[in-house]
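Please take these sequences and the hints and turn them into a complete structure.
Letter by letter, the chains look like this.
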Amino acid sequence: MINETRPEHFQNNSAIGRFLSRIHLDSLLLAGLILLSLLSCLILYSTSGQHLETLLRQTTRIAIAFFIMLFIAQIPPNQIKRYAVNLYIIGILLLLAVLIIGEMGKGAQRWLDLGFFRFQPSEMIKITTPAAIAWYFSEHALPPRWKELFIALLLIAIPTFLIAKQPDLGTALLIASSGAAVFFFAGISWRIMLSSLGGLIALTPVLWHFMHDYQRARVITFLNPESDPIGRGYHIIQSKIAIGSGGLYGKGWLESTQAKLDFLPERSTDFIFAVFAEEFGLLGCVSLLFLYLLITLRSLYIAVNAQDTFCRLLAGSLSFTFFVYVFVNIGMVIGILPVVGVPLPLISYGGTSMVTLLIGFGILMSIHTHKNLLSH
Amino acid sequence: MPRRFALKDIYSENRLFLSRIVIIFIVILLLVSALIARLIYLQITGHEYYASQAHNNRIKISSLPPTRGIIYDRYGKVLADNIPSYSLELTPELIPDITETLTRLKHLLNLPEETLTQFKKQLTRHRSFDGIPLLLKMNDTTVARFAVVRHQFPGVDIHARLIRHYPYGKIAAHLVGYVGRINETELKTLSATRYKGTHSIGKTGIEKTYEGQLHGKPGHAEVETNAQLRPIRVIKSAAPIPGENLHLTLDIELQNIAYQAFKNHNGAAVAIEVATGDVLSMLSHPGFDPNPFSSGISTKAYNALQQSDRKPLFDRALRGQYPPGSTLKPFMGLAGLQYALTQINTPLFCPGYYQLPNVSHRYRDWKTWGHGFVTLNDAIVQSCDVYFYDLARTLGIDRIHHFLSQFGFGQKTGIDLIGEKSGILPSRNWKRQHKNLPWYPGETLITGIGQGFMQTTPLQLAVATATLANQGISIRPHLIKPAKASQPKPITEKVNIDPAYVSDIINSMINVVHTPKGTAYKLSQNINYKIAGKTGTAQVFTVKQKEKYDAEKLKEKLLDHALFIAFAPANAPKIAVAVIVENGGHGGTAAAPIAKKIITQYLNKTSHND
Numbered sequence: 069m070i071n072e073t074r075p076e077h078f079q080n081n082s083a084i085g086r087f088l089s090r091i092h093l094d095s096l097l098l099a100g101l102i103l104l105s106l107l108s109c110l111i112l113y114s115t116s117g118q119h120l121e122t123l124l125r126q127t128t129r130i131a132i133a134f135f136i137m138l139f140i141a142q143i144p145p146n147q148i149k150r151y152a153v154n155l156y157i158i159g160i161l162l163l164l165a166v167l168i169i170g171e172m173g174k175g176a177q178r179w180l181d182l183g184f185f186r187f188q189p190s191e192m193i194k195i196t197t198p199a200a201i202a203w204y205f206s207e208h209a210l211p212p213r214w215k216e217l218f219i220a221l222l223l224i225a226i227p228t229f230l231i232a233k234q235p236d237l238g239t240a241l242l243i244a245s246s247g248a249a250v251f252f253f254a255g256i257s258w259r260i261m262l263s264s265l266g267g268l269i270a271l272t273p274v275l276w277h278f279m280h281d282y283q284r285a286r287v288i289t290f291l292n293p294e295s296d297p298i299g300r301g302y303h304i305i306q307s308k309i310a311i312g313s314g315g316l317y318g319k320g321w322l323e324s325t326q327a328k329l330d331f332l333p334e335r336s337t338d339f340i341f342a343v344f345a346e347e348f349g350l351l352g353c354v355s356l357l358f359l360y361l362l363i364t365l366r367s368l369y370i371a372v373n374a375q376d377t378f379c380r381l382l383a384g385s386l387s388f389t390f391f392v393y394v395f396v397n398i399g400m401v402i403g404i405l406p407v408v409g410v411p412l413p414l415i416s417y418g419g420t421s422m423v424t425l426l427i428g429f430g431i432l433m434s435i436h437t438h439k440n441l442l443s444h
Numbered sequence: 065m066p067r068r069f070a071l072k073d074i075y076s077e078n079r080l081f082l083s084r085i086v087i088i089f090i091v092i093l094l095l096v097s098a099l100i101a102r103l104i105y106l107q108i109t110g111h112e113y114y115a116s117q118a119h120n121n122r123i124k125i126s127s128l129p130p131t132r133g134i135i136y137d138r139y140g141k142v143l144a145d146n147i148p149s150y151s152l153e154l155t156p157e158l159i160p161d162i163t164e165t166l167t168r169l170k171h172l173l174n175l176p177e178e179t180l181t182q183f184k185k186q187l188t189r190h191r192s193f194d195g196i197p198l199l200l201k202m203n204d205t206t207v208a209r210f211a212v213v214r215h216q217f218p219g220v221d222i223h224a225r226l227i228r229h230y231p232y233g234k235i236a237a238h239l240v241g242y243v244g245r246i247n248e249t250e251l252k253t254l255s256a257t258r259y260k261g262t263h264s265i266g267k268t269g270i271e272k273t274y275e276g277q278l279h280g281k282p283g284h285a286e287v288e289t290n291a292q293l294r295p296i297r298v299i300k301s302a303a304p305i306p307g308e309n310l311h312l313t314l315d316i317e318l319q320n321i322a323y324q325a326f327k328n329h330n331g332a333a334v335a336i337e338v339a340t341g342d343v344l345s346m347l348s349h350p351g352f353d354p355n356p357f358s359s360g361i362s363t364k365a366y367n368a369l370q371q372s373d374r375k376p377l378f379d380r381a382l383r384g385q386y387p388p389g390s391t392l393k394p395f396m397g398l399a400g401l402q403y404a405l406t407q408i409n410t411p412l413f414c415p416g417y418y419q420l421p422n423v424s425h426r427y428r429d430w431k432t433w434g435h436g437f438v439t440l441n442d443a444i445v446q447s448c449d450v451y452f453y454d455l456a457r458t459l460g461i462d463r464i465h466h467f468l469s470q471f472g473f474g475q476k477t478g479i480d481l482i483g484e485k486s487g488i489l490p491s492r493n494w495k496r497q498h499k500n501l502p503w504y505p506g507e508t509l510i511t512g513i514g515q516g517f518m519q520t521t522p523l524q525l526a527v528a529t530a531t532l533a534n535q536g537i538s539i540r541p542h543l544i545k546p547a548k549a550s551q552p553k554p555i556t557e558k559v560n561i562d563p564a565y566v567s568d569i570i571n572s573m574i575n576v577v578h579t580p581k582g583t584a585y586k587l588s589q590n591i592n593y594k595i596a597g598k599t600g601t602a603q604v605f606t607v608k609q610k611e612k613y614d615a616e617k618l619k620e621k622l623l624d625h626a627l628f629i630a631f632a633p634a635n636a637p638k639i640a641v642a643v644i645v646e647n648g649g650h651g652g653t654a655a656a657p658i659a660k661k662i663i664t665q666y667l668n669k670t671s672h673n674d
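Residue numbers (the numbering used here), protein chains in the order written: chain W, 69 to 444; chain Z, 65 to 674.
Think of the hints as simulated: they come from the structure by calculation, not from any bench. Even glycine gets a Cβ: it sits at the ideal position worked out from N, Cα and C. Keep in mind that the hints are not guaranteed to be accurate.
[What the hints assert, rightly or not] Facing chain W, from chain Z, some residues (calculated, C-beta under 10 Å):
1) Glu77
2) Ile87
3) Leu93
4) Val96
5) Leu103
6) Ala115
7) Ile125
8) Ile222
9) His223
10) Ser255
11) Ala256
12) Val298
[What the hints assert, rightly or not] Computed beta-carbon distance windows for the label pairs:
13) Z:Ile90 - W:Trp276: 25 to 35 Å
14) Z:Glu112 - W:Ile168: 52 to 62 Å
15) Z:Asp373 - W:Ile168: 36 to 46 Å
16) W:His280 - Z:Asn203: 39 to 49 Å
So this is what it looks like as structure tokens:
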């Protein structure tokens, strides 16, 4: 009976759609993600100086990440819910381990070396924090009361603090915002939201006091890139030149002069959007943004149609966080947000963040395709 | 329905959630609009501006490292300056294959493997679009050899840089210090912006202590380049602010005299201007040439210095700790007078040994048959140990410790150099903490003649001597004139002593040099001023286990350390000196002549200037 009300049955009437639904994948999301991955390969080929090996490595990572997504999508949401707290606790323990025995990487302790590969617990936390809070809220009546808010706030504060200590302020803020998104979807009142926002602003000077010098430098450079043109400001100045020179239509694929002549640092990772903008112009940028928007909307749609509170809150948070990543990265590259070192989702070179994102999408797909298995 | 859901209102929850999704949807649309608006601003409105910057001309921002401050001595002689030199630099991002390029460079320029390993370490620490020096100093042949094949090495360039040069080399190497390549630990604490384009940093001595003043502030230039990256014009530039020049209190000529006077001996000499606390000379012998450090010293050369038997890298003046021996006696005598336990003419019979009541052990005098009846004055002049054994016993370790600490024994002098040692002024507390044992009376006796646990640095000894010469006013020693640098005024303290007792002791110290019985009587020949001094001999008991047995060397190593403290002119002291000659034998013969040379040179120079 419930099955008949499920809207995707109207969409998934093709053979492929039915097949995908059977293996718990959502055709629309999958299409969007595949399109993004193809774009990633396209741009990386250009930014790496047409280096086939880089492309091959990225393709391998994409393939692995998609397999992980497929695997996660098979796990029914009630299982995810059951293990949410345990995974959250494991994540926190791993974070502590990183702080204690973590080896140095770029002057910051973020990695756990497992011998055959290096594991970044903060990536895991990106999923387990909203999942744990969603679980906690789903166990209580909504909107949450003061006591529940306080405990949930603690669930955010612990990983945020630990990651900020690594120090990785960018990721810490993103995790805090993914937790805050759960709060928002759980329906806390505007009064509380606005007053806590005010409180946060009042806390800024305190936060400033605890920041590392390099984090302060980033904020200062953000406010005034000219203040440090040989150091932090260099990225922004060069990236603006790259984007602006792209114009409406762009210079064309493989025609980026800024990237080719080595003016643009980190052009394959955090600043890849600048190269995209230079080569494909405003039209390309707007299309890419629409692709991201489409994926976000589909995810929100999944959240609306989710069956229970846990799924709704988690799906809502994952969708919103995905968009936040896009916004923070592009905002940083085009010079309206500070340089915080967040990659452009599914486009930037590198495997860690891609796996995390696709785990998130795996959960979304699981939420969307497992409803008929639940008993009411 | 399960109990838990009884509290839940599913319908209103759903409505609330939906409304929140709608709000988020609107927020997302607004944010996307903001991104698009900004992109329109950059790519449509600003397109022409950015296109002109990107297409025809390209802007490269380069850092202009500041010139390091010059270090002068007190008469304006240059101790450290910067000389132009060619360096070979690699920009990793412009090099197609780094390993291959390095191998080719190695063959071309005959580079040692070690240079390459060092470079590879540097590689991970810099951003790939920064130039990293492979060689800091190229000689003309290397420059010429590379210049002809430069076109085969994209991303490799010869740069003119300034490197640190020390004209006086080993003479003041410990004190001035040297600069070297910035290492990994330093990199972590340094401000990346301040050290952009700078590859070396002060490692020891003044170079390290005053790094903050010497370094300066880098500037930068925005340079337009053509498509081949050749500079066309400078758009904007901010000149670097050079580091502060430093004027030391050191007199390099005096330092040189001291250096030459040491000949083949190891040791240290410190000379201080009594009235001001200016350090006139501070020598650790043997020295080492600091120049190779600034251009990148090879591991082989460094190891040779490090492993040398004579330990040339060790700053004996600042960090060497020696028993003061009999040079402590004037201070002990002063303590006896101040506590009214003796007077300058109080006699005591010296049979050549001293015994504590009910203890059979004999504490020996250096003169086995004894000095006979001696007064405090005689005891200082002839350096009678028995007199001071007795004095030390009556004073007791607590009063000895309190009195001597006023002269700075057992504490850092606070000189403006990093790495100073504090020496040891033993006390009951010290022994309990460090040896976990109670204090024994016999230890008081040997402390009284500057042996046992007691240890001082040559600098400390010079400061204590200057304090004595200055009527008990102790001035913190310094190498930078306090008025000129942003330093606090020299810290002065007054030791609580009666001026009459001070002149008693000074008279005895004059007698050490100027009466026939004095242990440094030879010094009084051919001088037209009076020196107040005291000799000392510090026993060297053991050869360290790790050192190889070598009969010749062993013989020398078993010789006592020779010490001498002095100030002059004795009636109106200007300069105070402490000299230690390792394994020099007797203080009067080995150390005193060096002190005399320093004092004579100084007094001649200043009297000409007056």
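These are the hints, each one checked on the structure:
With a least beta-carbon distance of about 5 Å to chain W, the hint placing Z:Glu77 at the interface is held under the 10 Å criterion. Checking Z:Ile87 against chain W: minimum C-beta separation of about 8 Å stays under 10 Å; hint holds. Evaluation of the Z:Leu93 hint against chain W yields a held restraint, the C-beta minimum of about 8 Å falling below 10 Å. For the restraint placing Z:Val96 at the interface with chain W, the shortest Cβ-Cβ distance is roughly 6 Å, inside the 10 Å limit, so the hint holds.
Residue-level restraint check for Z:Leu103 holds (minimum Cβ-Cβ distance to chain W is 5 Å; threshold 10 Å). Given hint, Z:Ala115 at the interface with chain W, holds; its Cβ is 4 Å from that chain's nearest Cβ, closer than 10 Å. Taken as an interface hint, Z:Ile125 checks out: its beta carbon lies about 5 Å from the nearest beta carbon of chain W, inside 10 Å. Nearest Cβ of chain W to the Cβ of Z:Ile222: about 20 Å, over the 10 Å cut. The hint is violated.
The beta carbon of Z:His223 is not positioned within 10 Å of any beta carbon in chain W (closest approach about 17 Å), and the interface hint is therefore violated. Contact between Z:Ser255 and chain W, as hinted, is supported at the beta carbon level, the nearest pair being about 7 Å apart and thus within 10 Å. The interface hint given for Z:Ala256 holds, since its Cβ lies 6 Å from the closest Cβ of chain W, which is under the 10 Å cut-off. A hinted interface residue such as Z:Val298 counts as satisfied when its beta carbon comes closer than 10 Å to some beta carbon of chain W; here the least separation is about 13 Å, so the hint is violated.
At about 32 Å, the beta-carbon gap between Z:Ile90 and W:Trp276 stays in the expected band of 25 to 35 Å. Taking the beta carbon of each, Z:Glu112 and W:Ile168 are about 54 Å apart, inside 52 to 62 Å as hinted. As the Cβ distance of Z:Asp373 to W:Ile168 is approximately 44 Å, the hint placing it in 36 to 46 Å holds. Hint check: W:His280 to Z:Asn203, Cβ distance near 43 Å, so the stated range 39 to 49 Å holds.
Of the numbered hints given earlier, the model fails hints 8, 9, 12; all others are met.
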